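Colleague: Here are the chains, one letter per residue:
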Amino acid sequence: MLRASKLLIPLLVAAVAVGGIGVWQRLVLGERYLALGSYIPWGLWVGLYVYLVGISGGAFLVAFLHYALGVGSMRRPGRYAIPFALASLGGGLALVQLDLGHMDRFWTLFTRTSPASLLGWMVWVYTLYALVLAAMLGAMALESRRALRWLAVAGFVLVVTFGGGEGALFGVLGARPFWSSGSLPIRFLSSAFLSGMAAVTFVVAAFRRWPADAEHQAASWFLRRALLGLLALNIVIEVLEVSVTLYTGLPPVVETYHLLMFGPYWWMFWVLQLAVGLAIPLALLASPAGARPAWLGLAGFLVAVGYAGTKQNLVGVGFLVPEFRRLPEAFVHPRLSVTYFPSATEWFVAAGVIGAAALAFVVAIEVLPFLKNHEEWGAARGETRRLAA
Amino acid sequence: MGSTTTTAPMSRERPWPRRQLLKAGLAAPGMAALLGEEVRAAAAAAPATEVVPLPPPRDDDNPLLRMQREVQRALRKPIHERRWAMAIDLQKCIGCSACTIACVVENKLPPGVVYRPVIEEEIGEYPHVSRTFVPRPCMQCENPPCVPVCPVRATYQRPDGVVEIDYEACIGCRYCIAACPYGARTADFGEFYTDGTPARQAYESQPSHEYGRSWSRDGKRSPAGNARKCHFCLHRLEAGLLPACVTTCIGYATFFGDLSDPESLIHELAGKRNVVRLKEELGTRPRVFYLT
Chain A
1 MLRASKLLIP
11 LLVAAVAVGG
21 IGVWQRLVLG
31 ERYLALGSYI
41 PWGLWVGLYV
51 YLVGISGGAF
61 LVAFLHYALG
71 VGSMRRPGRY
81 AIPFALASLG
91 GGLALVQLDL
101 GHMDRFWTLF
111 TRTSPASLLG
121 WMVWVYTLYA
131 LVLAAMLGAM
141 ALESRRALRW
151 LAVAGFVLVV
161 TFGGGEGALF
171 GVLGARPFWS
181 SGSLPIRFLS
191 SAFLSGMAAV
201 TFVVAAFRRW
211 PADAEHQAAS
221 WFLRRALLGL
231 LALNIVIEVL
241 EVSVTLYTGL
251 PPVVETYHLL
261 MFGPYWWMFW
271 VLQLAVGLAI
281 PLALLASPAG
291 ARPAWLGLAG
301 FLVAVGYAGT
311 KQNLVGVGFL
321 VPEFRRLPEA
331 FVHPRLSVTY
341 FPSATEWFVA
351 AGVIGAAALA
361 FVVAIEVLPF
371 LKNHEEWGAA
381 RGETRRLAA
Chain B
1001 MGSTTTTAPM
1011 SRERPWPRRQ
1021 LLKAGLAAPG
1031 MAALLGEEVR
1041 AAAAAAPATE
1051 VVPLPPPRDD
1061 DNPLLRMQRE
1071 VQRALRKPIH
1081 ERRWAMAIDL
1091 QKCIGCSACT
1101 IACVVENKLP
1111 PGVVYRPVIE
1121 EEIGEYPHVS
1131 RTFVPRPCMQ
1141 CENPPCVPVC
1151 PVRATYQRPD
1161 GVVEIDYEAC
1171 IGCRYCIAAC
1181 PYGARTADFG
1191 EFYTDGTPAR
1201 QAYESQPSHE
1211 YGRSWSRDGK
1221 RSPAGNARKC
1231 HFCLHRLEAG
1241 LLPACVTTCI
1251 GYATFFGDLS
1261 DPESLIHELA
1271 GKRNVVRLKE
1281 ELGTRPRVFY
1291 LT
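Line by line, the protein sequences are chains A and B. When we follow the working numbering, the leftmost residue of the first sequence carries the number 1, and every step to the right adds one. When we follow the working numbering, the leftmost residue of the second sequence carries the number 1001, and every step to the right adds one.
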């Protein structure tokens, strides 16, 4: 077993145990112990759902580069990317499932889908994507390159659909000026690619089973440059969006940006989003240290964590400016407030679900032979085929 | 006051027009004080003034009675020919919140759920300050942004224009809450007023009759876990009654009726020059009008 796995598994099991308490509270006591309200109806779980589904799509990009586009250096990262994408997708969907007021009715999302609802369509796209990921795991076990190629193409189409679709879920809400923008799908997609690729970069550094050979050097070289390029693209997109919308001077938008930067969660923006998610990794990647696998992995980890804050900020801040200035004072109740900080139940569940997703990934790469010993596995399958031929 | 000038016996018919009576009443005590007993005696001896009797009072002197009659008239039409609408006179609203409370009581709303808050706005700066009160029910938009976003078609527009929630289909994703530009939807988190006390009180288990069904709350079953909103008291309308907020308004500031009836009071009010609708720029076309 890898040293990282030995270190992480007890921690992840502990996180799952803590999550169990939260899930028990949620299932037995209902939504009463959630800090959400009617004016801030989505919180930590929805923010994490958007984030986890996004990094799933971004991780898939790595697999797509290898299996569909034939980028050789992404062979090893691409292999880890598929179970990682499946685990993070599962985590995201589990969180949003727990967020439903009536979890028992989730199946009606399939039986009563509204063709007019983006969210309705997204459920089907997620389902297809999960099936593609599961099929890719099967194709990896069978070493079916042809199947992997076509599945990678199909999966990438789905990634672009739901990656942009997630942004559209928010962008179509004309009631929320902070979100209502045609650029949001592009912003979501580019940030998903960045955070997903960064997460795979970290995973490759932390769970490396292969020697630091020429292929590994090539993979590091590629990932470093790809991360730098995606970081630059994200900076350009965000700067354009912020500068243009701020210049319009629309009061709710300006006020929301002001709250984002100087409101109660200013540290989320300055520390998590800018310092952790952008400035430090940018410095690491641009400096010569970025060529070293450990530093590259750290940069990937920081980007991935920082983008969790970015998505959290985007979801949370969008509700902070009420529809009418005095609405929260019109009928006073904690559920009718524009302040929010996640409850213990929400933190427990979030820790548990992320822990369970990470544990599923670690167990998969430790247990599944085509992931654990994929160098030998591939050679053995190739030999078997040659013999059969 | 009136006894000094009225000679006709008490009846439902007013012997004097009200304005004339008022003028006479205000003037008489002063005159009497100035001219003394002689003048008063002479006035008492004078023949009774000829007055034109007022027409008998009509039911529609009271807008509530008129609106109720109009609701009942509308109910005789097929549902797709009705267009329920509401008008709120901001000059008349005094911000008493009686409508809010009536709504809470009528629909047995739990903590944190409100259908019709009254927003208070302060205008100007000291010493020239005024306040205005804006009751905010669901706007029952003709183009409701909350409807298309629902992933399971649990919220939809009825043929009479009222946006309804199917409590048994709603999965509680709260997307509709995020989509409403008026903040008119609230989430029921399954709470009770007596949570944390030794016993839950019976009044909290009383069923509400929203959408013509009986809904008893136990904290888990619908409507707990659902999005909720004003529905113009459909259960009352179907019985020929006005919404609770309309009947409770002490200043006759809230009006209701069938907008497709040109004889109705709501039709009359909707055509006034001082009508505004909230956030019209969003294209939602609310069916709640404000008279400013």
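The set of hints was computed from the structure by calculation and includes no laboratory data. Please note that a few of the clues may not be correct.
Pair by pair, the computed Cβ-Cβ distance ranges are [to be verified]:
(1) A:Thr248 to B:Asn1274: 57 to 63 Å
(2) B:Ser1205 to A:Met261: 54 to 60 Å
(3) A:Gly70 to B:Asn1143: 45 to 51 Å
Computed, partial: chain B to chain A, Cβ under 8 Å [to be verified]:
(4) Pro1053
(5) Leu1075
(6) Pro1078
(7) Lys1108
(8) Ile1123
(9) Gly1124
(10) Pro1127
(11) Val1129
(12) Ser1130
(13) Ile1177
(14) Ala1178
(15) Tyr1182
(16) Leu1282
Here are some chain A residues the structure puts well away from chain B; computed CB gaps all over 12 Å [unchecked claim]:
(17) Leu100
(18) Trp179
(19) Pro322
Quantities reported herein were computed from a predicted structural model and do not represent experimental measurements. Beta carbons: idealized from backbone N, C-alpha and C, even for Gly.
Colleague: Could you run down the list of hints and mark each one as holding or not?
Modeller: Against the structure, the hints come out as follows:
1. Checking the proposed 57 to 63 Å range against A:Thr248 and B:Asn1274 shows it is violated: the Cβ atoms sit about 31 Å from each other.
2. Our hint of 54 to 60 Å for B:Ser1205 and A:Met261 is violated, since their Cβ atoms are close to 47 Å apart.
3. Checked against the hint of 45 to 51 Å, the C-beta distance between A:Gly70 and B:Asn1143 comes to roughly 49 Å, which is consistent with it.
4. A distance limit of 8 Å between C-beta atoms decides the matter here; for B:Pro1053 the minimum to chain A is near 48 Å, and the interface restraint is violated.
5. Given the 8 Å rule on beta carbons, the hint for B:Leu1075 is violated: about 30 Å separates it from the nearest Cβ of chain A.
6. Hint status for B:Pro1078: violated, given a least beta-carbon distance of 26 Å to chain A, over 8 Å.
7. A cut of 8 Å between beta carbons decides the hint on B:Lys1108: the least distance to chain A is about 16 Å, and the hint is violated.
8. Because the smallest distance between the Cβ of B:Ile1123 and any Cβ of chain A comes to about 12 Å, over 8 Å, the interface hint for this residue is violated.
9. A distance limit of 8 Å between C-beta atoms decides the matter here; for B:Gly1124 the minimum to chain A is near 15 Å, and the interface restraint is violated.
10. Hint status for B:Pro1127: violated, given a least beta-carbon distance of 22 Å to chain A, over 8 Å.
11. The closest approach between the C-beta of B:Val1129 and any C-beta of chain A is roughly 15 Å, which is over the 8 Å cut-off, so the hint fails.
12. The beta carbon of B:Ser1130 comes no nearer than 15 Å to any beta carbon in chain A, farther than 8 Å, and the hint placing it at the interface is violated.
13. Taking 8 Å as the C-beta contact cut-off toward chain A, the hint placing B:Ile1177 at the interface holds, the least distance being around 4 Å.
14. The closest approach between the C-beta of B:Ala1178 and any C-beta of chain A is roughly 6 Å, which is under the 8 Å cut-off, so the hint is satisfied.
15. Annotation: B:Tyr1182 was flagged as interfacial toward chain A, and the flag holds, the nearest CB pair being 6 Å apart, inside 8 Å.
16. Annotation: B:Leu1282 was flagged as interfacial toward chain A, and the flag holds, the nearest CB pair being 6 Å apart, inside 8 Å.
17. The claim that A:Leu100 lies off the interface is violated: its Cβ sits roughly 5 Å from the closest Cβ of chain B, which falls inside the 12 Å cut-off.
18. With a least beta-carbon separation of about 9 Å from chain B, A:Trp179 fails to lie farther than 12 Å from that chain, contradicting its non-interface assignment.
19. Residue-level check failed: A:Pro322 sits 6 Å from the nearest beta carbon of chain B, not beyond 12 Å.
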